[in-house]
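**Student:** Here is how the chains run, residue by residue.
2 protein chains.
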Amino acid sequence: MFKKVLFVAGLSFLAACNTSIDNKKNLDNNFVTYVNPMIGTSKMGHTFPGATAPFGMVQLSPQTNFEVMHIDGKYNPKTYEYCAGYQYRDSTILGFAHTNFSGTGHADLGDFLVMPTTGKLVLDPIVTKDGGKGFYSRFSHEKEHAEAGYYTVDLEDYKIKAELTATERVGFHQYSFPESSDAHIILDLVYNVYQHDNKNVWTFIRVENDSLITGYRQTKGWARTKKVFFAMQFSKPFKSYGHKKYDKILYNGFYGRFNETKNFPEMAGKNIRAYFNFDTKANEKIQVKFALSPVSTQGALNNLKEEISGWDFEKTKNETQAKWNQELSKIEIETIDPAQKETFYTALYHTMLSPILYEDVDGKYRGLDQNIHESNGFTNYTIFSLWDTYRALHPLFNVIQQERNNDMIKSMLAHQKESVHNMLPIWSHYANENWCMIGYHATSVIADAIAKGVGNFDKKQALKASVTTANVRYFDGIGDYLDYQYVPDDKSHSSVSKTLEYAYDDWTIAQIAKSVGDTETEKIFLERSEYYNNVFNPKNGYMSPRMSDGSFRKNFDPLDTHGQGFIEGNAWNYGLYVPHQLDKMVALMGGKERFSQHLDSLFTMELEDKFIDQHEDITRDGIIGNYVHGNEPGHHIPYLYNWTGKAYKTQARVRMIMDTMYGPGVEGLCGNDDAGQMSAWYVFSSLGFYPVIPGSDHYALGSPLVKNAILNLENGNRLTIKTLNQSKNNIYVKSLTINGKQIDRNYILHNEIMNGGEFIFEMSATPKL
Amino acid sequence: MFKKVLFVAGLSFLAACNTSIDNKKNLDNNFVTYVNPMIGTSKMGHTFPGATAPFGMVQLSPQTNFEVMHIDGKYNPKTYEYCAGYQYRDSTILGFAHTNFSGTGHADLGDFLVMPTTGKLVLDPIVTKDGGKGFYSRFSHEKEHAEAGYYTVDLEDYKIKAELTATERVGFHQYSFPESSDAHIILDLVYNVYQHDNKNVWTFIRVENDSLITGYRQTKGWARTKKVFFAMQFSKPFKSYGHKKYDKILYNGFYGRFNETKNFPEMAGKNIRAYFNFDTKANEKIQVKFALSPVSTQGALNNLKEEISGWDFEKTKNETQAKWNQELSKIEIETIDPAQKETFYTALYHTMLSPILYEDVDGKYRGLDQNIHESNGFTNYTIFSLWDTYRALHPLFNVIQQERNNDMIKSMLAHQKESVHNMLPIWSHYANENWCMIGYHATSVIADAIAKGVGNFDKKQALKASVTTANVRYFDGIGDYLDYQYVPDDKSHSSVSKTLEYAYDDWTIAQIAKSVGDTETEKIFLERSEYYNNVFNPKNGYMSPRMSDGSFRKNFDPLDTHGQGFIEGNAWNYGLYVPHQLDKMVALMGGKERFSQHLDSLFTMELEDKFIDQHEDITRDGIIGNYVHGNEPGHHIPYLYNWTGKAYKTQARVRMIMDTMYGPGVEGLCGNDDAGQMSAWYVFSSLGFYPVIPGSDHYALGSPLVKNAILNLENGNRLTIKTLNQSKNNIYVKSLTINGKQIDRNYILHNEIMNGGEFIFEMSATPKL
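Those protein sequences? They're chains A and B, same order as listed. Following the UniProt record's numbering, the numbering of the first sequence begins with 1 at its first residue and continues without gaps. Following the UniProt record's numbering, the numbering of the second sequence begins with 1 at its first residue and continues without gaps.
These are calculated hints, taken from the structure and not from any lab test. Treat the hints with care, as some may be off.
Chain copies aren't distinguished; within one or between two, either way the pair holds.
[As the list claims (entries may be wrong)] Listed next, the in silico BS3-like pairs over lysine-lysine satisfying Cα-Cα at most 27 Å (straight line): (1) 417 with 262; (2) 417 with 236; (3) 305 with 364; (4) 244 with 491; (5) 245 with 270; (6) 722 with 248.
Working from the sequences, and respecting the hints, build out all of it.
**Tutor:** What follows is the structure, encoded as C-alpha cells:
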C-alpha cells in the first residue's frame, strides 16, 4: 500500500537521452529550452510529459495507461507504474487527462480524458466488446515533443496532430484533423489513475450550448471524497453528440420521454463516455479549452473566461512559457557538461509541479471539510507529500519561492482548521487527507520558514496547530509515543521510524515555540525531541525496535527493510535519522570515526540478494551499497560525513550521486521524483549545499556540480556561485569564500544565501583531509 | 414507473377515525387542534404523520417501511405504499427520517433516519445477520399522537418516549430514556424511501466534537443527483461512538493507522450506520437538533444556530404550532358535522406541506445546475408536482398564500435559468428535474398568478421562460406536436393526454403574452391552444389517438386506461380536458344535453371488471362509475355540468365527493394527496367554488360544505361565506348573493373573493333546475 521503494539502473544517461530537445535555440535567457519534461517518464520516475503552468492546477498530459480497465475491484500492482499516467516504453496513447501527480509514490487523479479520433465512432479505450480496436492511437517518440508548458504528438491512427498547453486552471488543446465527415472528440469520464477498483462515484455532463459543456466527476480513490468540476469549450460547434454508459445504474426519471443517449444535453452516470462529432477540412484545427474548478461548474466557467479569452493557442503557449522562464530564471547556471544543464533545469522544473494551486480565480476553494471557503490573504495550494517534501523541496521554496511557500503554509493552516482531527496535513490532496507515510512534517515546513524569516503567517496559530497535531493520541501511535516516550514495536508498525520522525518533528515544534517566546511549550517539545534516544540499543549500536515492556525486540536484522520497525528503509540507513541532534547521534553511535566507518559501510557494502529481492521493483544497479537514493530517509546521509570531520567524503558521495542517479534522459530519475523532493535534492546539491536540518537556518556544504550559478532572489539580491577548477574529476572543495571571506566551517547559513554576493568554491581532484 | 392510479373504499370515515385527536381543548382560535396528521396515512393517501413547520424543509416523521432493504437492484412495487415512509397498519417503527414527500405518487427522500435504542447495540434495522431482531421497535397507536408540528410515540421495545417537533430547517427530537448504561442513538444513512435499488452514492459523517456531528448524503434516487447536508447536535455528550459499513467499498488511505470503526471522527462509505452511546438516568431526556442544508455542512450549522438556540423543546413546539395556527387561521370555518372541521383543517394543513422551503437561512440554495445560488428578492422553494398542483393548489395559494406563490414562481423562473434544457420545472425536487407526468404546467401557475394580480415577478421573463419551455422539441413529443399540430400516437405514448395538456398550457402562455401586450406571441399560442381539436374524432365523439398519417387509430377503447393515448385516465374522462374552451368542447361533443348525458354516464356507468382490474391497487368502492377522484384529470369534471345548464348536478356531485372521498380518519384520502392537490380540491369545494380554468380569474360555483367561513386575506380584507339552511341533505344552491347582490351566473371572479365582503349561499334540498 505504501510508497514503493524503487530504483533504476545507474546507466549511461546520454545514450538514453533519445528525446533530448531538438531544434531549440540555445538562448541564454530562454531557460525553457533546457527543460525536458520527458526526464523521469520511464520506469519509476513517475513524472509526466504533458503541459502545465508553474504550480498549475491543470496538468494536461498524455495517458498511456493500459491498466486502466480493472473495474473488478482488485488491487492492480501494474498501475503503480502509471502514477503519472505515462510510461515511455508505451507506443499507444489513450488520450489526454487534466490532472496528474508528478513523481508521487501513489497513484490517483487522471481526471477528464480527452481524445480526438476520426472514422467510425469507438467509445471503448482499448478493445471493443466484439474484439475490435479501442479508441487509443499509436504514436512514436519521433513525432512527440515536450517542453515546459507545451506538448505535442501525432496520433498516427487518426492522422491528428495533438498540441497541448495550459494556464493555471485551463487546459488548451489544439487538434489538427485530416479531412473527415466523421471526426470526434471523446470525453472519457471512466478513465482514472488508481491502483484499486474503479473509483467513480458519480459523473455528470451538461451541454450548455452547441460548443460548451460543463460537469463534474466525484471519485472515491486515494482521495476518498474528491469532486472536480469542469467547463469545456470547443472552438467550433459540434454537429451532434451523445454518450454511452458503462454500468447498470439507472439515471432515473426519463420514462422514455427522451432519447437520452443522443443529443440530449444532460448525461450522467457512474461511468460514462461522451462524444462530440464534427466535420473537418484537411488540416482544420479544432481547439478545446478545458477549465477545472474545485468548487463548481460556475467556478470552472469563471476560470475559463478569466484565464483564456479567444482562441490563440500560440499566445497562451507563449505566455505560459514566459511564466516558466520567469520561474526558471531564478537560478541561472553554467555547467561543464551541457547535459547537466538539461538535468538541472528539468529538476528545477520538477520542483514546480506540486504543490499545485487549488482555488478558483475568485479565491474560492473546497476545504478539507468539503465546505467552500475563500482564501483571504493567501493563495490556496494542495498536493502536500510532506514526508518527502519537507526535506528539501520546501527549503528550496524558502530560497526561490518564498511567497508561494508562505501561501502553502497558510494553506496547511487552513487545512488544520478544516480538519475534523484538527491536524495539519500529512499527505493531502484535493481537499482530502490520505494519511500516507508517517510523521507530522508540516511542523518542519513551518519551523523552516520561521528559521529563515519567510512568510507572514500567524506564528502563534501555527504553533497551536502544530501542538494540536502532535497530540492527536489516536493517530498512528502518538498516544503510545507520549505514554512510553517511544513507539512500542508491539503496538504499532514502523515503530522506530515513527519514533525518530516524531522526535525530529517535536524539535521543529520547539523551534516554533521558541520563535514566539513560548518557553513552556519549547521545553515540552525539546524533551519530546530526545525520545529518539529511547530506541537506541547500545548493545547493537542501532536504532532498534523496542517493546512496550521496555526490552528491545529479539530477532532483529538491521539490514532487513521488512517488519523491523522501519518503513522504506532499515536500521542501517533509516536509523541515522536524528537531523536535529547530529552531533549527539554521532556520539551515541560510537563517535566520529566509528560513525564515519558506518557511513562508508553503507555506501560500499555488498547487500545480500535476499534484501534486494524483497522488492521486485528494485534494480540492483540503482543501489550504492545499502544507500538508497530513491527513498527519502537517505537524502541527508551523504552529507553526514560533515559531522565526522570527513567532509571530503560527503563531497565525493554527492557528486557520485548526482552523476549516477540523475541525468538528462527519460530514465533520468532513479526513483519516484516524489512531488519534487528528488529534484530539489539535485538543485541544492548542484549548488554545493543542502538543508540537512530543516527548521534551522543551516545548510551542510557539499560539492557544487555547476560551473557557475546566479540566484536571482525574490528580495532583489543576487547570489553568484562561482567555482574555480571545476571539472568532472575535481569533485573536492579546496576552499570556499563568501564575499571574499574564507569559510572554515562545513556549513553555511540562510542569510549568507539571501544577502546575495559571491560564493567562490575552489575545486580540486584531491580531498582536503 | 408513473404515478399510480389509486383508489380506496368510499367507507364510513367516522368509524375509521380511530386516531381522532383526543384531549385537546376545542378553542375556536386554536386551529391546530383540528388538524389530524394521521389522515391519509393508511393505504394510498401517502401522507406522513410527523412534525413539520408550514412549508418546512425538515419533515420529521416515523418510518415504518419494512421494504427498505431491497439492495438487490430490483424494482420493489411494495415500497410504493411507503412514499411517505409510514403505513398506519404497521406496528413497528424503524426510526425517524428528516425528509418526506407528502402525498406524492412517487417515492423518494427518507433521509437521515434517527433511532434511539437501549441494550445491546444492534445496527441492522430489521434482522441481524444471525437472525436476531433488528433495531426497530414495536409501538401502538394508543401511545402515538400527532399534531401539526408535533409527533410522539412510545418505542415499546426500549421503553423510550419519542417526541418530535421542527422548525423550517431543523428537526428537534426529544427522547425520554429509561435508566441504562447502554443507551444509543443510531444515525442510519442506509435507510431510504425509493422503489428501486439502494440509491446511496456516498455518505459522510464528521464528529466535530463530543456532541456535534456534521455530514452529508448523496443519492441517485428519483432525484438523480441529490445532496443533502446536515448538522446534528446532541443535548449531552456521547460517551463513545462508531459506525458499521454495509458494502465492500474501501474508504481508502487509513493503512491501519487508525481503528476507523470506533471513536474515529471521520466516517464515510456508500452505506453506513453510525451510533452514539450514552448512560441515561431513569426518564432522562436526550435531545437532538438535526439541521438540514441543500448547500453545505456549514450551511446546516448556520441553520441550526439561527433557528433553535438552547434546548427548550416545548418552546420550539409552541412556536411552530403558533406558525401553523397563523396559517390555518386564514380560513375560519363552522360546519354542521364536527368531523368535517377536522377533515377541512387537515386538508388545509396538507396544502402547506409542499412545495417546501429550499434554501439556507442566508438565502443560499443548490440550483438545478448543482451550483450554489443566492435567492435575491425571493425565497426559494422545491418539490413541484406540477401536473397535480397547477389545478387547485397554486390557485388556492393565490387566495391565501400570495407571497409564497410569488416566491414559488420566482423559484420556478430560477429553475428555468438553471436548467440545461432551459425549461420550467415539470416535477422537480431537491435541485433535480425528474420529468414525472406530462405537460409544462408551470406556465399555468404563472398565468393564474397574473390573471389574479398575484406577485411581482418579471412577467416578460416569465413569458420568455414559458415560450422557451414550450418549444423544446426533444421534450416528450413537443417537436411532433408542433409539426403535426397534435402528438401522433405512433410517435409518442399518451399522445391524446399530451395534446390536450399542451393545448391548455399553450392557452396559459397566450394569457401571459396578453398580459405583457405581446400580441404576436399571444396569437401563436392561441393557435396552438386549438390543437385539441385535432385529436377529436367526430366519428366516435371522443378525443382519440391519431396517427402521424392523419388517420385515427383503429382498435381504440375509450374506457381502457392502458395504451389508448391517455395516462391516468381514458377517453371517457380524461378526454374532457379542454378547460380553456369548455363551451367549444361541449359543442364539439354534441352540445349541452348530450355532454350532460355523457357526464351522467361517467358517474353512473358500471365499469367492466377488466378495466377495474387493470390496476391491482384500485378498490372498486373508490370509483364513482368511471369517475376517478384519486387522479387529477377528473378534478374539474364534477364542475362541468355548469357548462351544460345543469349546475345542480355539479352541486350534487361535489357534495357527494366531499362526503365519500374525504373524511377525518386515517383512510380519509381516497388516493395520493398529490402534494396537496387533493386537499386543495376539498378546501375550495368546501367553500363553494373551484378554479376550473387556472389562468383565468374564473371560479366555477359548486355547493359549499361549510356552514360559515371567514377568509382572512393577506390584503387585509375579510370575506365571509355564509349559508342559509345548510344541512347534509340541502346540497343544492338556491341562490347566492355577494354583498347583498343576487348572482345569476354560475361562476364568481377572483376579485369578488379578494375584495372581501359577504357571500350568502341559500341551500335547499331541491335542485334549481
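**Student:** Compare the structure with the hints numbered earlier in the document and write down the numbers of the violated ones, lowest to highest.
**Tutor:** The structure breaks only hint 6.
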